[in-house]
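Chain residues, written in single-letter form:
Protein chains: 4
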Amino acid sequence: MHRERFYTLTASCPDQVGIIAQVTGFIAEHQGWVLESSFHADDVDGRYFMRIEVKADSLPFMLAEFRTRFRPVAEALRMDWRIADSAVKKRVVVLVSKQEHCLYDLLARWQSKELDIEIPCVISNHDTFKGFVEWHGIPFHHVPVTPDNKAQAYAEVQRLFEEVRGDTMVLARYMQILSPALCAAYPGQILNIHHSFLPSFVGAKPYHQAYLRGVKLIGATCHYVTADLDQVPIVEQDVIRIDHPDSPEDMVRYGKDIEKTVLARGLRYHLEDRVLVHGNKTVVFR
Amino acid sequence: MHRERFYTLTASCPDQVGIIAQVTGFIAEHQGWVLESSFHADDVDGRYFMRIEVKADSLPFMLAEFRTRFRPVAEALRMDWRIADSAVKKRVVVLVSKQEHCLYDLLARWQSKELDIEIPCVISNHDTFKGFVEWHGIPFHHVPVTPDNKAQAYAEVQRLFEEVRGDTMVLARYMQILSPALCAAYPGQILNIHHSFLPSFVGAKPYHQAYLRGVKLIGATCHYVTADLDQVPIVEQDVIRIDHPDSPEDMVRYGKDIEKTVLARGLRYHLEDRVLVHGNKTVVFR
Amino acid sequence: MHRERFYTLTASCPDQVGIIAQVTGFIAEHQGWVLESSFHADDVDGRYFMRIEVKADSLPFMLAEFRTRFRPVAEALRMDWRIADSAVKKRVVVLVSKQEHCLYDLLARWQSKELDIEIPCVISNHDTFKGFVEWHGIPFHHVPVTPDNKAQAYAEVQRLFEEVRGDTMVLARYMQILSPALCAAYPGQILNIHHSFLPSFVGAKPYHQAYLRGVKLIGATCHYVTADLDQVPIVEQDVIRIDHPDSPEDMVRYGKDIEKTVLARGLRYHLEDRVLVHGNKTVVFR
Amino acid sequence: MHRERFYTLTASCPDQVGIIAQVTGFIAEHQGWVLESSFHADDVDGRYFMRIEVKADSLPFMLAEFRTRFRPVAEALRMDWRIADSAVKKRVVVLVSKQEHCLYDLLARWQSKELDIEIPCVISNHDTFKGFVEWHGIPFHHVPVTPDNKAQAYAEVQRLFEEVRGDTMVLARYMQILSPALCAAYPGQILNIHHSFLPSFVGAKPYHQAYLRGVKLIGATCHYVTADLDQVPIVEQDVIRIDHPDSPEDMVRYGKDIEKTVLARGLRYHLEDRVLVHGNKTVVFR
Numbered sequence: 328m329h330r331e332r333f334y335t336l337t338a339s340c341p342d343q344v345g346i347i348a349q350v351t352g353f354i355a356e357h358q359g360w361v362l363e364s365s366f367h368a369d370d371v372d373g374r375y376f377m378r379i380e381v382k383a384d385s386l387p388f389m390l391a392e393f394r395t396r397f398r399p400v401a402e403a404l405r406m407d408w409r410i411a412d413s414a415v416k417k418r419v420v421v422l423v424s425k426q427e428h429c430l431y432d433l434l435a436r437w438q439s440k441e442l443d444i445e446i447p448c449v450i451s452n453h454d455t456f457k458g459f460v461e462w463h464g465i466p467f468h469h470v471p472v473t474p475d476n477k478a479q480a481y482a483e484v485q486r487l488f489e490e491v492r493g494d495t496m497v498l499a500r501y502m503q504i505l506s507p508a509l510c511a512a513y514p515g516q517i518l519n520i521h522h523s524f525l526p527s528f529v530g531a532k533p534y535h536q537a538y539l540r541g542v543k544l545i546g547a548t549c550h551y552v553t554a555d556l557d558q559v560p561i562v563e564q565d566v567i568r569i570d571h572p573d574s575p576e577d578m579v580r581y582g583k584d585i586e587k588t589v590l591a592r593g594l595r596y597h598l599e600d601r602v603l604v605h606g607n608k609t610v611v612f613r
Numbered sequence: 328m329h330r331e332r333f334y335t336l337t338a339s340c341p342d343q344v345g346i347i348a349q350v351t352g353f354i355a356e357h358q359g360w361v362l363e364s365s366f367h368a369d370d371v372d373g374r375y376f377m378r379i380e381v382k383a384d385s386l387p388f389m390l391a392e393f394r395t396r397f398r399p400v401a402e403a404l405r406m407d408w409r410i411a412d413s414a415v416k417k418r419v420v421v422l423v424s425k426q427e428h429c430l431y432d433l434l435a436r437w438q439s440k441e442l443d444i445e446i447p448c449v450i451s452n453h454d455t456f457k458g459f460v461e462w463h464g465i466p467f468h469h470v471p472v473t474p475d476n477k478a479q480a481y482a483e484v485q486r487l488f489e490e491v492r493g494d495t496m497v498l499a500r501y502m503q504i505l506s507p508a509l510c511a512a513y514p515g516q517i518l519n520i521h522h523s524f525l526p527s528f529v530g531a532k533p534y535h536q537a538y539l540r541g542v543k544l545i546g547a548t549c550h551y552v553t554a555d556l557d558q559v560p561i562v563e564q565d566v567i568r569i570d571h572p573d574s575p576e577d578m579v580r581y582g583k584d585i586e587k588t589v590l591a592r593g594l595r596y597h598l599e600d601r602v603l604v605h606g607n608k609t610v611v612f613r
Numbered sequence: 328m329h330r331e332r333f334y335t336l337t338a339s340c341p342d343q344v345g346i347i348a349q350v351t352g353f354i355a356e357h358q359g360w361v362l363e364s365s366f367h368a369d370d371v372d373g374r375y376f377m378r379i380e381v382k383a384d385s386l387p388f389m390l391a392e393f394r395t396r397f398r399p400v401a402e403a404l405r406m407d408w409r410i411a412d413s414a415v416k417k418r419v420v421v422l423v424s425k426q427e428h429c430l431y432d433l434l435a436r437w438q439s440k441e442l443d444i445e446i447p448c449v450i451s452n453h454d455t456f457k458g459f460v461e462w463h464g465i466p467f468h469h470v471p472v473t474p475d476n477k478a479q480a481y482a483e484v485q486r487l488f489e490e491v492r493g494d495t496m497v498l499a500r501y502m503q504i505l506s507p508a509l510c511a512a513y514p515g516q517i518l519n520i521h522h523s524f525l526p527s528f529v530g531a532k533p534y535h536q537a538y539l540r541g542v543k544l545i546g547a548t549c550h551y552v553t554a555d556l557d558q559v560p561i562v563e564q565d566v567i568r569i570d571h572p573d574s575p576e577d578m579v580r581y582g583k584d585i586e587k588t589v590l591a592r593g594l595r596y597h598l599e600d601r602v603l604v605h606g607n608k609t610v611v612f613r
Numbered sequence: 328m329h330r331e332r333f334y335t336l337t338a339s340c341p342d343q344v345g346i347i348a349q350v351t352g353f354i355a356e357h358q359g360w361v362l363e364s365s366f367h368a369d370d371v372d373g374r375y376f377m378r379i380e381v382k383a384d385s386l387p388f389m390l391a392e393f394r395t396r397f398r399p400v401a402e403a404l405r406m407d408w409r410i411a412d413s414a415v416k417k418r419v420v421v422l423v424s425k426q427e428h429c430l431y432d433l434l435a436r437w438q439s440k441e442l443d444i445e446i447p448c449v450i451s452n453h454d455t456f457k458g459f460v461e462w463h464g465i466p467f468h469h470v471p472v473t474p475d476n477k478a479q480a481y482a483e484v485q486r487l488f489e490e491v492r493g494d495t496m497v498l499a500r501y502m503q504i505l506s507p508a509l510c511a512a513y514p515g516q517i518l519n520i521h522h523s524f525l526p527s528f529v530g531a532k533p534y535h536q537a538y539l540r541g542v543k544l545i546g547a548t549c550h551y552v553t554a555d556l557d558q559v560p561i562v563e564q565d566v567i568r569i570d571h572p573d574s575p576e577d578m579v580r581y582g583k584d585i586e587k588t589v590l591a592r593g594l595r596y597h598l599e600d601r602v603l604v605h606g607n608k609t610v611v612f613r
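Protein chains in written order, with my numbering: chain A, 328 to 613; chain B, 328 to 613; chain C, 328 to 613; chain D, 328 to 613.
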């Protein structure tokens, strides 16, 4: 992560000769100083992925002009592309239920500016963390979810997210399954932390399943939310060793430590525009 | 692992007050010097597990007498138990196909006496490693397996295993599925290395499945062979990080490094009588 | 960790025949139900270590009587020993400076009762976290440390620790070096998290040293505080992979994630009486 | 690793605007198809590093012509550069003493073409592995090293290396310290595996040192050999968890598993021209 203001270009396109040359040629033509660059060719699908950071003040124009001038290059290469500005903080809405570990962890990183983001609000189906969140000066919305009010509740979540102009929604152990409609509204914008090493233990109580199965490692998975948990694009995963004396409750406790770390890593990759979704997979330019 | 000769008592029994006291009291009564001891209570099932190493020359009797005298203690506690003698080398029959990594790894450990075992023979459905195995002075048996001769082939494997009085069969990337009859004949005696982090990717070509699923870590699992891969007792597992540039072939290559290590660790636990099977789970006293 | 009330006996003594038998015989004689037990013989030094959890209500007497009756057994074996009661919460005083990660992490664990302890106060040489700590209902003491007032400041820290009857002092990235006198006053009671994989990078700015040296992994070490950092008893360590693009600032950020996890693990082992100090080493019965 | 023949350009130069554009522009101009590319800017030193794989048959010329045409580009950028041809197998001379694990591991990888190299000979100060090496059809040279004949012995090693036109020398647990002259003759060409997590435990018997220090993880380091072990460029490192029951002998055994894996990974990076040395550090484009 660089200190100076920079623009991050991320793009994918059909692979062909000369992609890097055309894109970096365009940047060099304008005296753009490349801070970091990553490229990946998916041989199987013939698709090309890239991420380039350009120092903002090395360019003779502002972001809007950068986009305008780059458009013809991108169109010639049939690119999906975007350019982000490091000076514009991402607006991250956090959803939480009753478990504290991911919330405390995210707020610690936000408080110290390790995560240099705006958190315009926290939404929860419980009021457990109202005081804690508000003490940090962040608005807290209690949106209860019951079997009967789901449509209404998710509509309210969406309304709040739109109202605060959220970029990213983070499910920080939010123990409700979002509606397919809500998932579909924000593809590649909703990050969840699942408490198993996917594709293992997709169903309920994964640590209990892991205990019954007798595995020697348990894991956590940060992924973009889509309607089908079996096909979610995985952003980051990690595991921790367990042992025969460990009860399901011990596993829950161990699991918390990897859940919060994996979520934080995945979120950082996302916020720094390091993640490019490619079907049910991801390219992560770490 | 100790240098002096020792006896290893492993046992499990219903949990109750005073188990350790009775067992270690018996040992102390005969001036037995305990080198290492491990105990585990499974709270859920109310079952107790233990492993105790006693220095052989601290006892006033030999192994047969140890067993005779211990029997009443074990019966009073309704134990499943066994006592092994570190001076009696285990006889390990290795089964292999065409991949070299586990075989080279096991023979390196055997050659240097890191694994202090007998390898009375290697059996393979191919003759790829005949010269290599025989160079080490180990008999090699080529037992081809075809769709038509399976019953006959596994009968031959079993005959060879019996003939050399094998204790343990190790499937060192043996790419055939043993018959249910053979599995049933040697419960807790056949170790396999599966090239995925079970329960993920149970079927064929697990690395290819992992590639298609877009996971960020791949794994290997050492387990006792039973008829149902979904319920095998897992002895050891580990994982390795992969990344978006890695092809299925790269994963196969990375996977080899954890396969051989996980198999070697699991085999060592087994040979040192550190593994107690408990239904579809294991207690591993490392 | 068990739910029922239990007593934890930890002890070490010269190794000899029959130690386990005598100790567990004593427990069994009183119908004590052993929940968990661990034993270790240090062959080199001829010293024996143990930790036994006994269910409180299985015994016909209370803790004081347990101690009285056990004393002769312990004396005959020339033991260093103690018995802790799981119903008595440990009193942990946290010292912190200006970095948030360990403090947030510890308070999250305390808030959810994952760490079932009392935090009678937090002490800091800065007032950065006064509001945050007090919001949690925990007294906060600002004890500035300057080159001129060190003796006085540490005397105040000690006075506060005594006043609240602290059991354990945790230096949660407290960026001051305690006086030798304070270290000597509480051997085995002060836990620190050092931001390197000891014995590497003992001096100042370890991440910067790691950057200059070009290592491929960085680490953190939880240890008991003694006057000499080169000889501290290490309780827990872990590492995380870094890469050539990572600046010293990136390493500081990665390091935070292992520092807080390693500190929390080490603290838990300590609080559950799983750590026995043995010279400059530890036995940790996980 | 790609199947088709390709050229690998590795280079470093002072950082400036337009480096990628110039280099990839040159490649694109000749219709070069880029398979893989990696770039890194060292902000502190202002130096730029790159590695680019170009499909051989996409270019209208052969390697010699590629070099000739690229030279002016490289000179304008004041580059240190080289271009390797994937069709030319590297010639790796292995040096070994009496420990088997790295040798077996390397020969297994060579035998299966996982490492697609020539091993023109193995050199050892003992004759332990003569038969094993020769069985593989590889010449074996026994060059004893005594306190008195060191200069002569290393001259012989150098003569053999030159005679077989070696590219890379691998010290696969070769328990002799090469002379400064030999180190200086082949900078960036001699890889060693050191059995500790450098910079810890630089001296003799690192596992024994680790035991005495009471660390909770032990490690291994693959590095380029230079005269000063404190400043060697580190290529790869890894660690493994140990525990209080582990003796120094157990650590030696655990250590073997990471030594061989870390050496094999480091060697692969080196052979695929993924390692660029930068003072006492390395850039490794994995």
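Don't read these hints as lab results, they were simulated from the structure. Just to be clear, a hint being listed does not mean it is correct.
Identical copies look the same in the list; a pair holds intra-copy or inter-copy alike.
Stated by the list, open to error - Below, in silico cross-link-like pairs of lysine to aspartate or glutamate (EDC-like), each with a Cα-Cα straight-line distance of 16 Å or less: (1) K425 with E490; (2) K608 with E483; (3) K425 with E441; (4) K457 with D372; (5) K608 with D570; (6) K608 with E402; (7) K532 with D443; (8) K425 with E331; (9) K608 with D573; (10) K382 with E490; (11) K608 with D370; (12) K440 with D577; (13) K417 with E599; (14) K440 with E576; (15) K417 with D600; (16) K425 with E392; (17) K457 with D369; (18) K382 with D342; (19) K457 with E490; (20) K416 with D557; (21) K416 with E441.
**Message:** One pair to classify: K440 and E576, alpha carbons no more than 16 Å apart. Within, between, both, or neither?
**Reply:** between (33 Å within a copy, 13 Å between copies)
**Message:** With identical chains, the pair K457 and D369 could be close in the same copy or across copies; at 16 Å between alpha carbons, which is it: within, between, both, or neither?
**Reply:** Answer is neither; intra-copy 46 Å and inter-copy 40 Å both fail.
**Message:** At most 16 Å between CA atoms: does that hold for K382 and E490 within a copy, between copies, both, or neither?
**Reply:** neither (32 Å within a copy, 51 Å between copies)
**Prompt:** Which holds for K416 with E441 at a C-alpha limit of 16 Å: within a copy, between copies, both or neither?
**Reply:** within (13 Å within a copy, 34 Å between copies)
**Request:** Classify it for me, K425 with E331: is the Cα-Cα distance of at most 16 Å met within a copy, between copies, both or neither?
**Result:** neither (38 Å within a copy, 25 Å between copies)
**Message:** Treating 16 Å as the Cα threshold, decide for K417 and E599: within, between, both or neither.
**Reply:** within (9 Å within a copy, 39 Å between copies)
**Prompt:** Is it within a copy, between copies, both, or neither that the alpha carbon of K440 lies no farther than 16 Å from that of D577?
**Reply:** The answer is between: 13 Å across copies meets 16 Å, while 32 Å in one copy does not.
**Homo-oligomer pair classification [D370, K608; C-alpha up to 16 Å]** = Close inside one copy (14 Å), not across copies (32 Å); limit 16 Å.
**Asked** Are the CA atoms of K425 and E441 at most 16 Å apart within a copy, between copies, both, or neither?
**Response** between (24 Å within a copy, 14 Å between copies)
**Message:** Within a copy, between copies, both or neither: which one fits K457 and D372 at a CA-CA cutoff of 16 Å?
**Reply:** For K457 and D372, neither the intra-copy (47 Å) nor the inter-copy (41 Å) Cα distance is at most 16 Å.
**Asked** What label fits K382 with D342 when the C-alpha limit is 16 Å: within, between, both, or neither?
**Response** Close across copies (14 Å), not inside one copy (26 Å); limit 16 Å.
**Copy assignment of K608 with E402, given that the CA separation must stay at most 16 Å** = Neither, since 24 Å and 41 Å both go past 16 Å.
Violated hints, in rising order: 1, 2, 4, 6, 7, 8, 10, 16, 17, 19, 20; the structure is consistent with all others.
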